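The listed protein sequences correspond, in order, to chains C and H.
Numbering follows numbering that gives the first Met the number 0, with no gaps: position 90 of the first sequence is 89.
Numbering follows numbering that gives the first Met the number 0, with no gaps: position 189 of the second sequence is 188.
Think of the hints as simulated: they come from the structure by calculation, not from any bench.
These numbers were taken from a predicted model, which means no experiment stands behind them.
Accuracy of the hints is not assured; some may be wrong.
[What the hints assert, rightly or not] Here are the simulated lysine-lysine pairs, DSS-like style, with alpha carbons at most 30 Å apart:
#	chain 1	residue 1	chain 2	residue 2
1	H	LYS181	H	LYS155
2	C	LYS36	H	LYS41
3	H	LYS164	C	LYS87
4	H	LYS105	C	LYS87
5	H	LYS164	C	LYS188
6	H	LYS181	C	LYS188
7	H	LYS155	C	LYS87
8	H	LYS88	H	LYS180
9	H	LYS88	H	LYS193
10	C	LYS141	C	LYS110
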Amino acid sequence: MIRLAIRFALIALALIVASGCTALAPNYNSSVENMQKLRDSGAAPARVGTFEPKLVSGQSNDYISLRASNMVSPYSGKFTTYIEEALKADLAAARLLDEKSNVVIGGTVTKNDVSVASFSEGTGEIEAKVTVTRDGQVRYDKVKSAKITFESSFVGGIAIPNGRNAYPRLVQNFVAALFADPDFIAALK
Amino acid sequence: MSRAIRIAAAVALLALLGACAHPISITPDLASIPPSQPSVQKNAVFVIAAEDRDREVTTGGGGGDQVRYFPYREIESGMFQTLSSIYAKVTLLRTATDKLLLDASKASYVFLPTVATESSSKSLVTWPPTDFSVTITYKVQDPAGKVVYDNSVQGKGQATFDEFKRERGLAGRLAMQDALKKFKAQVEAATELK
Numbered sequence: 000m001i002r003l004a005i006r007f008a009l010i011a012l013a014l015i016v017a018s019g020c021t022a023l024a025p026n027y028n029s030s031v032e033n034m035q036k037l038r039d040s041g042a043a044p045a046r047v048g049t050f051e052p053k054l055v056s057g058q059s060n061d062y063i064s065l066r067a068s069n070m071v072s073p074y075s076g077k078f079t080t081y082i083e084e085a086l087k088a089d090l091a092a093a094r095l096l097d098e099k100s101n102v103v104i105g106g107t108v109t110k111n112d113v114s115v116a117s118f119s120e121g122t123g124e125i126e127a128k129v130t131v132t133r134d135g136q137v138r139y140d141k142v143k144s145a146k147i148t149f150e151s152s153f154v155g156g157i158a159i160p161n162g163r164n165a166y167p168r169l170v171q172n173f174v175a176a177l178f179a180d181p182d183f184i185a186a187l188k
Numbered sequence: 000m001s002r003a004i005r006i007a008a009a010v011a012l013l014a015l016l017g018a019c020a021h022p023i024s025i026t027p028d029l030a031s032i033p034p035s036q037p038s039v040q041k042n043a044v045f046v047i048a049a050e051d052r053d054r055e056v057t058t059g060g061g062g063g064d065q066v067r068y069f070p071y072r073e074i075e076s077g078m079f080q081t082l083s084s085i086y087a088k089v090t091l092l093r094t095a096t097d098k099l100l101l102d103a104s105k106a107s108y109v110f111l112p113t114v115a116t117e118s119s120s121k122s123l124v125t126w127p128p129t130d131f132s133v134t135i136t137y138k139v140q141d142p143a144g145k146v147v148y149d150n151s152v153q154g155k156g157q158a159t160f161d162e163f164k165r166e167r168g169l170a171g172r173l174a175m176q177d178a179l180k181k182f183k184a185q186v187e188a189a190t191e192l193k
């Protein structure tokens, strides 16, 4: 009985370590298709300015709650910085990032969330008002959004990592939606 | 009776955990592969088939558990960035047999990589891997399909509890980055690939 209790305690400890506390969202994983599309679009080099958080009630720029665990951004601890870094990574890979460019991509993030509250399906959503300015003149100003669904589970040790791993794909979908917008590409030309 | 319930609950929990393969991310940090002006003014293609991209693999973790991830999906942006820092224009294709796409890419070299991974943990009570290896084995063909070069590199990554408690796939990410760094050095040094 004592051995069983010890085993139970070890498992409980492993569970806490595996699924509780605070953990980083995975790094952004660029989509090669996105990078190739941007590179071949004829867009001119640009730089990425600031994305300001203006999140709906209950959402934070500092963390996303996944049941008993908090997910935090690996980029300065801010999810708006995660979006900025994602755009920088894709522009850089397409050789279209120029920190001295007079064309600046920025915006305001209004929704940023991942949920594993359901035992069957996890969900995620990003919504942001994106602007492109050239010499201070607005050339693009639109609300863009992306959603994702993924497998959830009753077991926190499965649902929480699934939620964390979904975030880079959610950002990838958001960036893809932006790059697929002909008006956005035109604003960069 | 209560003892029987406790034992049953423990057995159920053990069964649940025993079946666990935890999803992790091992995506390399692209900042570790800084973009640079290409040194070879030729185009290159690399091929990762759709079925490889969507293939999830399971390898060892700690405490009898395992980890699962998508090695091809996670490496392809890093490979694109690595090859883009060497060749003038790089294109990812999902097949090496589509002559129209190959011709359109105007590629001088066609890279055909395979990725193999291993992981393990020294820990009995935590599941994230403490040791990880990523091996990239690759053949390079000319546009006519003749193999002009083949080689492999192995990247390794280690992470301790203090390091992986915030990033479960850290050892894997470090192994990916190490493999890509060695891959870049090897391709740059190969006279057959100039």
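Hint check:
{"no.": "1", "hint": "LYS181(H) / LYS155(H)", "result": "11 Å, holds"}
{"no.": "2", "hint": "LYS36(C) / LYS41(H)", "result": "20 Å, holds"}
{"no.": "3", "hint": "LYS164(H) / LYS87(C)", "result": "27 Å, holds"}
{"no.": "4", "hint": "LYS105(H) / LYS87(C)", "result": "27 Å, holds"}
{"no.": "5", "hint": "LYS164(H) / LYS188(C)", "result": "44 Å, violated"}
{"no.": "6", "hint": "LYS181(H) / LYS188(C)", "result": "37 Å, violated"}
{"no.": "7", "hint": "LYS155(H) / LYS87(C)", "result": "27 Å, holds"}
{"no.": "8", "hint": "LYS88(H) / LYS180(H)", "result": "19 Å, holds"}
{"no.": "9", "hint": "LYS88(H) / LYS193(H)", "result": "14 Å, holds"}
{"no.": "10", "hint": "LYS141(C) / LYS110(C)", "result": "14 Å, holds"}
In summary, the structure is inconsistent with hints 5, 6 from the numbered list given earlier, while agreeing with the others.
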